[in-house]
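Enquirer: Spelled out from the first residue to the last, the chains are:
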Amino acid sequence: SQQGEEDPQALSIQEGENATMNCSYKTSINNLQWYRQNSGRGLVHLILIRSNEREKHSGRLRVTLDTSKKSSSLLITASRAADTASYFCATLMDSNYQLIWGAGTKLIIKP
Amino acid sequence: DTEVTQTPKHLVMGMTNKKSLKCEQHMGHRAMYWYKQKAKKPPELMFVYSYEKLSINESVPSRFSPECPNSSLLNLHLHALQPEDSALYLCASRRTPGQGVTEAFFGQGTRLTVV
Chain A
1 SQQGEEDPQA LSIQEGENAT MNCSYKTSIN NLQWYRQNSG RGLVHLILIR
51 SNEREKHSGR LRVTLDTSKK SSSLLITASR AADTASYFCA TLMDSNYQLI
101 WGAGTKLIIK P
Chain B
1001 DTEVTQTPKH LVMGMTNKKS LKCEQHMGHR AMYWYKQKAK KPPELMFVYS
1051 YEKLSINESV PSRFSPECPN SSLLNLHLHA LQPEDSALYL CASRRTPGQG
1101 VTEAFFGQGT RLTVV
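Note that the protein sequences, when read in sequence, are chains A and B.
Heads up: the first sequence begins at 1 in the working numbering, then just goes up one per residue.
Heads up: the second sequence begins at 1001 in the working numbering, then just goes up one per residue.
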């Protein structure tokens, strides 16, 4: 099931610059998660933010959540070539087994 | 051990073949998932097992048959597939809501090609 949109669909930046991706969703949620997927491989969990949190940091990652706008953003600071991947947001509703996925953003970091 | 192991990594099968995909985790997670992913698209949920019982079937054709023999293993049996079933098949696991809400752990996937 697909919850909402991510934008941009694709983003190409120079190494060292910051990358920002946005995610919108449609229903009330328990938490929102961001995942990274390198080409043709499995998804790797990056960060989880709960519905009662507004901002969270993990290393070079910063996630914000605005439940009133039903949106989240992922900021990657000081990007590196190894950050080249597709990034997906996923939401989890209360007492639910399902992750509902955004459409994904393809990020390319140019050396 | 925080790994989900999927085998095989690649599979090419004819439309009359029968094959199985396997998934294994030893994290004690009692929710396990099968996803199908086409290129440039998000994962598409197929099945969810909770405590070894099928809890969600997203209207998947019967040519895909899931099985959860025990709390660590998840299989996906394939029979009479179509070329449009070619995709990356991902297995994932996580704690159930009763175990505490956490992230999902994904295997590296099986790249399936139906010829």
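To be clear, the hints were calculated from the coordinates, so they are not data collected in a lab.
Note that the structure is a prediction, hence the values are computed from the model and not measured.
The beta carbon of each residue, even a glycine, is placed where N, CA and C say it ideally should be.
Errors might be hidden in some of the hints.
What the hints assert, rightly or not - Partial list, derived from the structure: chain A residues whose beta carbon lies under 10 Å from chain B:
# : residue
1 : Q33
2 : I47
3 : Q98
4 : W101
Stated by the list, open to error - Here are the computed lysine-lysine pairs in the DSSO-like style, where the Cα-Cα straight-line distance is at most 27 Å:
#  : chain 1 : residue 1 : chain 2 : residue 2
5  : B       : K1040     : B       : K1053
6  : A       : K56       : A       : K69
7  : A       : K106      : B       : K1018
8  : A       : K69       : B       : K1022
9  : A       : K26       : B       : K1022
10 : A       : K70       : B       : K1040
11 : B       : K1040     : A       : K106
12 : B       : K1041     : A       : K110
13 : B       : K1040     : A       : K26
14 : B       : K1038     : B       : K1018
Enquirer: If a hint holds in the structure, say so; if it does not, say that too.
Expert: Verification of the hints:
Checking A:Q33 against chain B: minimum C-beta separation of about 6 Å stays under 10 Å; hint holds. Here the hint on A:I47 is kept, as its CB sits about 9 Å from the closest CB of chain B, short of 10 Å. This hint holds: A:Q98 has a C-beta 6 Å from the nearest C-beta of chain B, less than the 10 Å allowed. Residue-level restraint check for A:W101 holds (minimum Cβ-Cβ distance to chain B is 4 Å; threshold 10 Å).
About 31 Å separates the Cα atoms of B:K1040 and B:K1053, which puts this hinted pair outside 27 Å; it is violated. Between A:K56 and A:K69 the CA atoms are separated by roughly 17 Å; this keeps the pair inside 27 Å, and the hint holds. For the given pair, A:K106 sits about 35 Å from B:K1018 by alpha-carbon distance, which is inconsistent with the 27 Å threshold. Taking the CA atoms of A:K69 and B:K1022, the gap is about 40 Å. The hint is violated against a cut of 27 Å.
Between A:K26 and B:K1022, the direct Cα distance comes to roughly 34 Å. Violation of the 27 Å bound is thereby established for this hinted pair. About 24 Å separates the Cα atoms of A:K70 and B:K1040, which keeps this hinted pair within 27 Å; it holds. Distance hint between B:K1040 and A:K106 is fulfilled; the C-alpha atoms sit about 8 Å from each other, no more than 27 Å. Taken as a hint, the B:K1041 and A:K110 pair is honoured in the structure, with Cα atoms around 23 Å apart against an allowance of 27 Å.
With a C-alpha separation of about 22 Å, the suggested pairing of B:K1040 with A:K26 holds against the 27 Å cut-off. Proximity of B:K1038 to B:K1018 is assessed by CA-CA distance (about 21 Å); at most 27 Å being required, the pair is judged to hold.
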